[in-house]
Amino acid sequence: MIHLTIDDKSIEVPAGTTVLEAARQLDIDIPTLCYDSRLKPYGACRLCIVEIAGFPKPVTSCTTPAADNMVVRTNSALLHRLRKTTIELLLSDHPNDCMVCVRSGDCTLQELAYLYDVRENRFSGGMRDHNRPDANPFIQRDQNKCVMCGLCVRVCEEVQGVGAIGYSNRGFEAKVCPPFEKDLNCEFCGQCVSVCPTGALSGKMWAGQPRQEGVKLTDSTCTYCGCGCNITLHSHGDRLIRVSSKKTSHNRGWLCVKGRFGYDFVNRGDRLTTPLIRREKGGALEPASWDEAVQFVVTRMAGIKEKHGPDALAGLASARCTNEENYLFQKFFRSVIGTNNIDHCARY
Amino acid sequence: MNSEITVNVCLGTGGIAAGSEMVMEEFRKEFETAGVKNAKFGDRCKIHKVGCRGFCARDVLVDVSVGDKTWTYQYIQPEMVKRIVKDHVLGRQPITEWLVGDDYHTFHDNQKKVILGDLGKIDPESIEEYVAVAGYTAARKALTQMTPAEIIETMKKSGLRGRGGAGFPTGLKWSFCAANESDDRYIICNADEGDPGAFMDRSVVEGNPHAVLEGMIIGAYAIGATHGYVYIRAEYPLAVNRLNMALEQAKEKGFLGKKLFGTSFDFDIKVKLGAGAFVCGEETALIASIEGERGMPRAKPPFPANKGLWGKPTIINNVETLANIPAIINRGAEWFASIGSEKSKGTKVIALTGKIRNTGLIEIPMGTPLKDIIFNIGGGIEGDKLFKAVQTGGPSGGCIPQQHIDLPVDYEGLKSVGSMMGSGGMVVLDETDCMVNISKFFLEFTQAESCGKCVPCRIGTKRLLEILTRITEGNGRKGDIELLQELAEDVRDSSLCGLGMSAPNPVLSTLKYFRHEYEAHINQKKCPAKVCNKLLTFFIREDMCVGCGMCAKACSVAAITGEKKKPHHIDSSLCIKCGSCFDACKFSAVLKE
Ligand SMILES: Cc1cc2nc3c(=O)[nH]c(=O)nc-3n(C[C@H](O)[C@H](O)[C@H](O)COP(=O)(O)O)c2cc1C
Ligand code: SF4
Ligand code: SF4
Ligand code: SF4
Ligand code: FES
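In the order they appear, the protein sequences are chains A and B.
So that you can map any letter, position 182 of the first sequence is 182 in the working numbering, and since no number is skipped, the others follow by simple counting.
So the number in the working numbering is just where the residue sits in the second sequence, counting from 1, plus 1000.
Some clues are possibly wrong.
[Stated by the list, open to error] List of simulated lysine-lysine pairs, PhoX-like, C-alpha gap at most 25 Å:
id, chain 1, residue 1, chain 2, residue 2
1, B, Lys1343, A, Lys57
2, A, Lys40, B, Lys1300
3, A, Lys84, B, Lys1300
[Claimed, not checked] Covered stretches of chain B (chain A as the covering partner; in silico rule of three or more C-beta atoms under 8 Å from a C-beta of chain A):
id, stretch
4, 1292–1299
5, 1394–1405
6, 1443–1454
7, 1460–1466
[Said to hold, decoys possible] What follows is a list of derived Cβ distance ranges for each label pair:
id, chain 1, residue 1, chain 2, residue 2, range
8, A, Pro95, B, Glu1293, 25 to 35 Å
9, A, Phe180, B, Val1133, 49 to 59 Å
10, B, Gly1311, A, Lys247, 25 to 35 Å
11, A, His3, B, Asp1184, 28 to 38 Å
12, A, Ser37, B, Val1133, 32 to 42 Å
These are calculated hints, taken from the structure and not from any lab test.
Being a predicted model, the structure only gives us computed values, none of them experimental.
Even glycine gets a Cβ: it sits at the ideal position worked out from N, Cα and C.
The shape of chain B in the complex, shown without the other chains (with noise of 0.2 Å):
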């Protein structure tokens, strides 16, 4: 039984931050001291890195493969390494104890992997590996056997639209490129990713760069661009490295370069890192951002097609929208618009975070209802508490109620409950949590990130925020959500790009769905989440107090007294609502009403 043992370790940013170097050092070391690489197997039994694969809440996550059969460990240390050599790749007994359990299967089994499939295969570092699984074939069929045009008509029957937040149809984008007279053209991979909570293009140029590439070079022969950028942000160190040494290897391959496949076509890409501002995320303040000048948005028309990246007919693609064009071409327009629903083509790669049990990276065919990815994939609630509402789209996005939850998560659906697709961002949010406190946190985010460029946004968001900031802290004044109201629809009607349009939505969601916490707030002075600390009261429960004097150490204005041992007690005159206590005891001792 000399089967052929593979050990697959997750080296995503989630996989490293939970230890997945060191597990995979470990590995390595074991290997050695137990002569199972030489001596007993040979080149047969490899260690092998692979990309995020989606389940993070669960990482470090190892497949270890004997022959045609994988069994896959969640929550694997550096120290328990050592037995699952000697139990399972030396002694053949997998250990079922530290093996994934049902819930895995289901998160995985309810998802379609399109863009995500090969991440957690292959090894994102490796040219072999991604040639291997057909790998540049699209890029070769594409420029040997297509016309431009062809390529154009092929995106457009797909029904393939932008991932990146506004879902415009990318063949028809690209057709508006190609049909200007132009001596050049750019197209630019846009990876900037800047929403709190996303991580999709992350993961996909950590877990597949050569994907991506590969998109950039078919987009660049149908629109005739013989320079491209992909513009990432500089806080991503592993993409920048991975998507570096992809660049590299593909050069050296010939795909990218002069005469690509043999054809007259010579197409090059470099990479400009972005400084981390979210509105650099915008096409025109990203085109702006590569020219060397502060990242602003432009006013558009001119549209980036017509007029991008130094005044030439510029494509703008996200990441997700390129990494599905090699699988367009290989395996047809028809396959594509099969899957998803009627004017939503394809899947969704969604980072599903929050309140709920499975976090991570999922993959669903558009159109899956948000009931099943809340449930079956996510697996509920984390902690049977109740489902409140699930944030989409990011911080331009909105609160989607429970009433909704049979919705079909694609463009359509999520813009009708007044929300939107946004990245693909998805936070899930439980009875616990405070939706003014949530719109609060967006809107913190939005003002800070604004360019400042236009009145509405840079001083309209900070007013919304301003006027958020006292009615959770118990200062709303009658008329606040009136006013609310007025302002969030004006800063959405006025303003320039699509920073200052969707800032308010976070707002005009919660105040459609969630109006009774508002009124809570500033008519009760009462926060029925029991977040926002200003409304509530802190007191100690005497019979759950054990005296340790915790409380009385965390609070800063010595509102706490009591003797050691015995029941404290809180004087609600000096308390200043910190909640310092609340959090210091560790009998639970301290409640909030």
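Just chain A, same shape as in the assembly (with noise of 0.2 Å):
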């Protein structure tokens, strides 16, 4: 174990661990745009520098290791000028428009000028214009709002393994882009968007929702796979408008294309409420309660089993039950009806 100080609190922290973290457990607060506990540390944003004794200039506490007998300051006029320094670069060149921003309430770079206070510029000067249309379904890339954290090359690359997205250009005019600046065309899970600190990457479909005011969050569970990721949903009156995940989820907050950006259907007049049954041959689909619906399925399951031996009946299984509810099912046709007719969708 290392033992180091911090803002003269003592702690103990096993090795590896950074100074941020070591921090962060003992709830300081130093600011960070490009750091997520859930990525490797990158140090671009040089927000969460602090002065250690002994170094001869501050370093960023994400990247740097805790060590024997550290004693560090995460607080000083110099790192209090150099953050505010470098908030006020990033805002001279962003939009001004966190009126009608998505992100607006929900923006770490807002909530960090705020904190700095920064209301004039020292240094507005000429801004960079990336923003190009991209035709794909999900994502709305507004490059003017990027703030190059990094975040959605590294998650892009680290945790799914796609890499979809890079950087082009150098200096002032450098920009995270899809290769050859062409349209966005990957898997799609919204993960890069989930990370982003600003309005730079937000959902096609977030598009003119409530952001904030009325907007109510569920903790609930993703229903498309049996994985169960946990996900949130913003509501706002009777309708879904937004799906996201927390990071403390045992998904850590990672999701799927279908679990982040496939809830439209909830909203649709046309959705599937109740189940429907065909009373009669050739007859209309009409609703039912669930009690009907499955004392339909009993009486004639029996019935065929009784008239055509089990070997009649087969069964399907679904990727969207879970795996002991797949396991229910095939044994419910192994024992109960007496059959190895026994199948599952994510065989083909």
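Using the hints, build the complex out of the two chains.
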């Protein structure tokens, strides 16, 4: 174990812990923009700088491993000045349109600007213009709002293993984009969207929907597959307007394209809300209660088994069920119905 | 008097640019036609290509040696060859008016050549010639008679420090790397050399590639690396070519490959071409580039010596650092430590450029006073103008003014006045250079070469450049000096890598020593050195103007009028101050004030 002191508080952490992680354990707040505990440290935003006794100049706490007897200061006039300059520089190249930005109220940059009281900008000057239409169906890219934290690039590579986006250009004109600046064409898992600290990446279907006021958050479980990722449903009135997932969930906040973006069916008028039964041959499907539907299935299956034997029945299980449910399903077919005619959609 | 005759022609990049390949061809032809080659002298007369000896301003340089006496010719062009062959080679009558003058000797005599000694003497494309000057004896000695620990100890004792910029002690760095438990290690030669105006490493690789390879072999053995890379920029085709040639030759001779010098040590070197990004000279970006990633620096720690290429302990050394190693092994740590100043040992190769008479590549003992370099070796300021400052360390360095002219040139000396050694660039500035414009020039470079990863460098250098630009264009505001100072300090103190940390140096050092020039630009809207066009008024002196009309033709906004053969006139309300007329007038009749 390593002992160190941060802002006069001492702490013991395992080797390999960074100064930032140690400070967070002590509930000491250090501003960050390019850090995500789920990804490798990157050291690009320079906001998490701290002063360490014996070091000639401030260092980034997200990349510096804690060492024995380190004495760390997370706040000083110098650190405040450097952080404020960095934030001011970022804002000097950022569209001033929080009023109409999808991330307003939930944006790290906006929060930092407020906390560091950046009003007038000493550095206003030329600005990038990297916005271009991207015809992909899910992800809105507003690259003029990008702070180049690299979180999207890293999550796509490190977590998703896809590497659909990278950097191009140098210096002030550096930007994040898909290869050859083409339209984004990837898995559309939206992991990148979920880590973006600004409005540079968002869901296309989020546009024009309520952001904060009147939005209700409900924790739930994704129904798309047996993994059962934890999700948070954002609803407004009787409409589902967004799906997110918390970092603290067992799926660590990561979702797939369906869980994250495939929710529009919920708001559809023609969505199925009760079982349907065709009561007469050739007749229409009619709404029924669950009791009636289950009873109907039981009666028909029993009839078939009696008349034609158990092998006249077959079961096809679904990947939307959990392992346990699938186990029970095959058990039901083998032991209760008495047939080995059992299969699963994921086999094809 | 049938003594041996050798004609040495400089085939460095400078020489080739001045036409040395044609000069060489001409010698070949003349020797053929004159029958020198076969009939008269047989094999005893040879034409020999050599690397850059440093005095590129005088290229093409040709040595004619007869027996042990050598004459050096300067500014040789192909059409002059005939006479040299006729008068000198055949007639034994040197052509005195074409020979180099005293300044050629002052240029060389005040230097100390450890690295550059064999450049200009041996054929860089011949391993035999390198071997003939004791080449690869150091590697043999190191591998067969010394333990890795002894080599590292020798490096430590020699006091050798990295020539790539930071001046980190080489032996210490090697010992860090060797101390790691690891199944594999790498050694990389950094030949990226991206500073504008720098050509030290390029000349060494072009002129003596085997010395660099030999240094790498010794380093590899000392740290236990079995693979090496030379990371060299693709814009150095001649260097790449000679390097590849040298690698082939060394492999053929068994100096690279398996079981070197009969020991059990295996070592191989690959060449990796850099695509010309300045930042790829930074060691972590260089590693990323070799790994196939975008060349962006990574946070340190971990340092490459502990976790570098492919996550393995890696040593990165500069070309010049490595080229010093064979000499240290052969001549001993004490010898090396006897050269130079207290904390900076050995020599330093410097690319001397700017407003100086003798531009070129020089090598001086560390600690040589600035004054000696500029006024002895360099021959003073061109055109007898007044010395103003010297810019050292490339885009990351600073400008040193007249008051520090006695400064010893070593790591500590340069640092103490807000500049740095960097890789060894030295640009001399005179009274006609505007210091605000100079810092703008360097900022243009660094802001374009920033990798864009971290905020202070990506946006900060851009904002610094914007402020400098508006000052040079007459739009400087009250408070701009303070703003520049603050922003420059903040970029320096919070950037991720050396590029951003040092990019503000030109601004900070000129603000320190030439603040009055900034003030004149901002407050009086004047450029004291008359460089910043937007702050000048252009006019024509009637008594000098012959009415040729060249200026009027050059003016894109038709601000100049006048009848043919009569004095012309500039309408200052139309003039956009582009300076085209100033450049166009052959009679110096256009003035700026
Ligand atoms: C922006 C930047 C560019 C650099 N370019 C070079 C270079 O072209 N050649 C070089 O040898 N070192 C360069 N360096 C220094 C290297 O990072 C590294 O310190 C050096 O190669 C180590 O070798 P040494 O110990 O032999 O000096 C550069 C550093 C920075 C920050
Ligand atoms: S949606 Fe997923 S796969 Fe596509 S770029 Fe983002 S992280 Fe990568
Ligand atoms: S798009 Fe978002 S996550 Fe990606 S680099 Fe820009 S700000 Fe960061
Ligand atoms: S200081 Fe500049 S070059 Fe270095 S990492 Fe930051 S942006 Fe890239
Ligand atoms: S959070 Fe450490 S540099 Fe961005």
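Problem set entry | In rising order, the numbers of the hints this structure does not comply with | Those not satisfied are hints 5 and 12.
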